[in-house]
Amino acid sequence: MPLPILFAEAVATEDPAARFIRLLTVFLLAMWVGFEVITKVPQRLHTPLTSGSNAISGITAVGAIVVAGALSTASSTFLGLAAVVLAMINVAGGFVVTYRMLEMFNPKKK
Amino acid sequence: MSSQAWINLAYLAAAMLFIVAFKLLSSPRTAVRGTFLGAAGMAIAIIAACFEGPIVQSVASRGVWPLIMLAAAGLIGGGIGATMALRYPMTGMPQMVALLNGFGGAASVLVAGAELASTCNLAFCDSDPRATTAMSSLQPWTQFAIATALTGLIGAVTFWGSLVAFGKLEELPQFKKAWTDPRRHWINLGLVALTLLLVWGVCTNPDRTILFWLLVVVGSGLGVTLTLPIGGADMPVVICLLNSYSGLAAAAAGFVIDNSVLVIAGSLVGASGLILTAIMCQAMNRSLVGVLFGGLGTTAAVSGDDVYAGKIKSAGAEEIAMVLEGADKVVIVPGYGLAVAQAQHAVRELADALEARGAKVEYAIHPVAGRMPGHMNVLLAEADVPYEKLREMDDINPEFAETDVAIVIGANDVVNPAARTDPSSPIAGMPILDVDKARTVVVVKRSLSPGFAGIPNPLFAADNTLMYFADGKKAILDLVAALK
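Going down the list, the sequences are from chains A and B. The working numbering puts the first residue of the first sequence at 1, with every later residue one more than the last. The working numbering puts the first residue of the second sequence at 1001, with every later residue one more than the last.
No wet-lab data here; the hints were simulated from the structure. There's no promise every hint is true.
[Unchecked claim] One-sided and incomplete, this derived list gives chain B residues near chain A with beta-carbon spacing under 10 Å:
id : residue
1  : Ser1026
2  : Ser1027
3  : Ala1031
4  : Glu1052
5  : Leu1067
6  : Gly1077
7  : Ile1080
8  : Phe1144
9  : Leu1197
10 : Ser1246
11 : Gly1247
12 : Ala1265
13 : Pro1367
14 : Tyr1387
15 : Thr1440
[Unchecked claim] Calculated pairs, BS3-like style, for lysine-lysine (alpha carbon to alpha carbon, straight line, at most 30 Å):
id : chain 1 : residue 1 : chain 2 : residue 2
16 : B       : Lys1360   : B       : Lys1389
17 : B       : Lys1023   : A       : Lys40
18 : B       : Lys1484   : B       : Lys1437
19 : B       : Lys1389   : A       : Lys40
20 : B       : Lys1177   : B       : Lys1474
21 : B       : Lys1360   : A       : Lys40
22 : B       : Lys1329   : B       : Lys1311
Heads up, the beta-carbon is just placed ideally off N, CA and C, and yes, glycines get one too.
So here's chain B without its partners, still in its complex pose (with noise of 0.2 Å):
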């Protein structure tokens, strides 16, 4: 068996090892082995790729040099990802994805880059063998360059993307207010015209290395503008996005260097990504370019006062220990808020004090409630919630009837009941979670403030529903304090 067949063996197996990865993180008690696979997938995979035909042939002329600074490089990359994964708090996962996401990105961007400038130089060194083989590669429309073309698109997108998302995320003041200027459209329509001419640049004259490049800037600028009008609870639509992207630019740069692992666990990665974005474009009743481009909240014509005008029971820390105290079943319903609060940790002192009363205590987790697919989960099982109460939508709804008592914390548009009684509203037919038929509902806010979506809660007026004013960590922790 030649080497390139043992690499292509051992390729294969690294693209198994990422399909099991897969597979076994669909369940919390198999899904720590299966980040252990995906990882001896990659190790496998870059072991191989160091044996590949150019790199043997490089240290053949020069040494072990080449390996040395593939090495380093690889070392102080790993390096600094591991350190940012392990110093980075719990609570900024969703920015520290976004911004590793768009090192992936970058990183294929590059990668075709190179190839092209090392193949632009071989197809013109006469003495070297592949020369033929590198002049037919940058002929117009081959394979090559059409996965050029796209590697630099996608790639610089998904870069430049995840960038303004992390700022948004990580809530830099320059990232404060969505870009809503209504001429975004046709700046993003220009910088798509001038994408397309440019790819179609670079498919017909890939020898033009300026062209790609050019293609990168634009596309940086692209994912620039796509991403900024975005606002803050679309975000995990963004980042699923953004994370589909990052793995298609993967497969493409796959079909750049003529390389299968590439394309596989590229595609998966886009596959994935895919599916996430669908699941949160349906948990929020939305069409995917509606998010992108729809700027939902500008149509804020309804006033809250309409809406709560004299109707808004206000409680306090002892009202509501009191409806507390006679409750035999709790739903804990958590939003962004509990995160911006960082209240996960005194939620669940709460949760301990009403279950040491003989209370069952459980929380309802709307699929897109938090900045990324999954967030309150994570936060939560960052305060040692045990996942089994961590219960998702479709299946505690039918349980809110027989609740005593939900409790809504930094959550608002994902528990609006206008969504299934107001047809007119900008959120009708969201699937939400149904708090407004437990028998009391607690909602602790800082104040009537209208949530993403920019229109007011009749939840907040209802009858059975008691609002809570305060920053939600202080709350939760002045409402224990009364419990005991």
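Next up, chain A with everything else stripped away, as it sits in the complex (with noise of 0.2 Å):
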């Protein structure tokens, strides 16, 4: 079966209900797992925490490879060739700024 039908069938086969309610799932365990893991955090590494996360936010670039790659319109692919620039600044920023504080935190360096 050629790809394009592949692709196609495997979206259109999950009713739209139980897809939302699926990634509602994923979403709120994910949430809470959140919540759990980040309250045990020293308020000393709130700093790198935030810039940590900050760098995950940068996740929206996979959304963007794929809205990008798919060269679905001129339009669509520049806004989301724009969006994985900015996403990858997000992301290699992110986690550089993260690295370059813990370093600081590093007493072995010294």
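Join these two chains into a complex; the hints should help.
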């Protein structure tokens, strides 16, 4: 079976409401895990936590890559590519900043 | 296993890595490893994304150039981000984080906009097998329609709110004064009403892309007008909140394109931002609504003259050095003024000099000292202060009674005993560092001007307080010289 049809079927076979509830489940459980894990971070690490989670919010790069790479229309490709650039600034900048900060906390380096 | 299954498996691995990364961030010893795992998760997710169905199709029909284009965009963005992060001085971290955060929000808006454009186009391509799916997404009140509206709104608020926060933290002249015009509440109310109307519009008519972009424009305005009135010391709350929004925008974008890794990572960030926001608000004993709309400091009716008249004892470097010579236990209390004066290295020198004389030196960090969560910790870590010496408020407060000298540098409201003693004070009930219980308190400050809360500080007039009027850095260096 050619790929486009396979792909279309995979999307079309799931009931929209079921799909929404599946994603909602993921969303709520991940929020829960987030609350549990992050309440244990001590105050002195709040800045690296902020910048580290900031870097992870650049995950939207994944969405940007998929919409840009689909080459669906000129405008969607352009918007998608712009989103890739912005999201990657967020990702790279966020991780580098976090690393720089944590290196300063590292007593062995000194 | 189909290729989509492998991709989903890779996303699952990335999501697990993100959770482990957050887990490892809870200890200074493992935090660096956590950062690397987080970055690895991101790399896995990004590589997996390049094998998604739509990209494989466009590669099949047009060769490798779509991949080259994506790689180029990724490298440009990554290069800009890494360069910014490496070049920016450590003292500017709050604004750097705000700026990066804004880019994430903007990217989510563009993802939703791009997906909307492509879906609208697909719906009218009868030859394409995906046309029916696209058509059904564009019905009113579908997951696609609602998520697109929310991504546009949250992302736009994040981007513009972060830009304003950046301007304020960078102290650009345009942002020097907080916007306190009382009409702002009406403007905000009007914008919120317009926003809700447009959200409704996008949800009912998702195929009208103009409504989406209008929503983005109005959301941008809201991002600006909501952030402009918020002043300096409330910045940590704003940073946390915007951080949370950028995560929620990414999660909403996950609902738009039906992608679980976006939803997981986005909600993790959303949760982390919300927790930090709550911690920051607690540390100021204020509600989130109060921080966002309150405008503290506008009721500064109490004049400092009554509190301070005739009771201020000023001292110079020599006199304070003499007091310090006899001290066994010294606690340094840094505030935002330390960051402004760039005095962190000088403070470290002072601590070294005191320790060389046998004194025990520690640092008391208030949760909202500075302009972002944990700001003082990063600043002092830059000056090689070991993190074991940075003590949290609840931990060190009982020890002030047996402290010989507490040195307050550039902090004001967080050491104001009025929070404890005066129920009518605007900061009543705010947890403070009990420096006034130390045997001697030295306050390094340029003048008696009030802090962010705009109220006088009875600590300055206390019997055991010595005021040392000078610029933070010079004051400390003079003190070090006098000690030697």
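Right, here's what the structure says about each hint:
no.: 1; hint: Ser1026; result: holds, 5 Å
no.: 2; hint: Ser1027; result: holds, 8 Å
no.: 3; hint: Ala1031; result: holds, 5 Å
no.: 4; hint: Glu1052; result: holds, 5 Å
no.: 5; hint: Leu1067; result: holds, 7 Å
no.: 6; hint: Gly1077; result: holds, 3 Å
no.: 7; hint: Ile1080; result: holds, 5 Å
no.: 8; hint: Phe1144; result: holds, 9 Å
no.: 9; hint: Leu1197; result: violated, 24 Å
no.: 10; hint: Ser1246; result: holds, 4 Å
no.: 11; hint: Gly1247; result: holds, 5 Å
no.: 12; hint: Ala1265; result: holds, 4 Å
no.: 13; hint: Pro1367; result: holds, 6 Å
no.: 14; hint: Tyr1387; result: holds, 6 Å
no.: 15; hint: Thr1440; result: violated, 27 Å
no.: 16; hint: B:Lys1360 - B:Lys1389; result: holds, 10 Å
no.: 17; hint: B:Lys1023 - A:Lys40; result: holds, 8 Å
no.: 18; hint: B:Lys1484 - B:Lys1437; result: holds, 28 Å
no.: 19; hint: B:Lys1389 - A:Lys40; result: holds, 20 Å
no.: 20; hint: B:Lys1177 - B:Lys1474; result: holds, 27 Å
no.: 21; hint: B:Lys1360 - A:Lys40; result: holds, 29 Å
no.: 22; hint: B:Lys1329 - B:Lys1311; result: holds, 26 Å
Of the hints listed earlier, those the structure fails to meet are numbers 9 and 15, in rising order.
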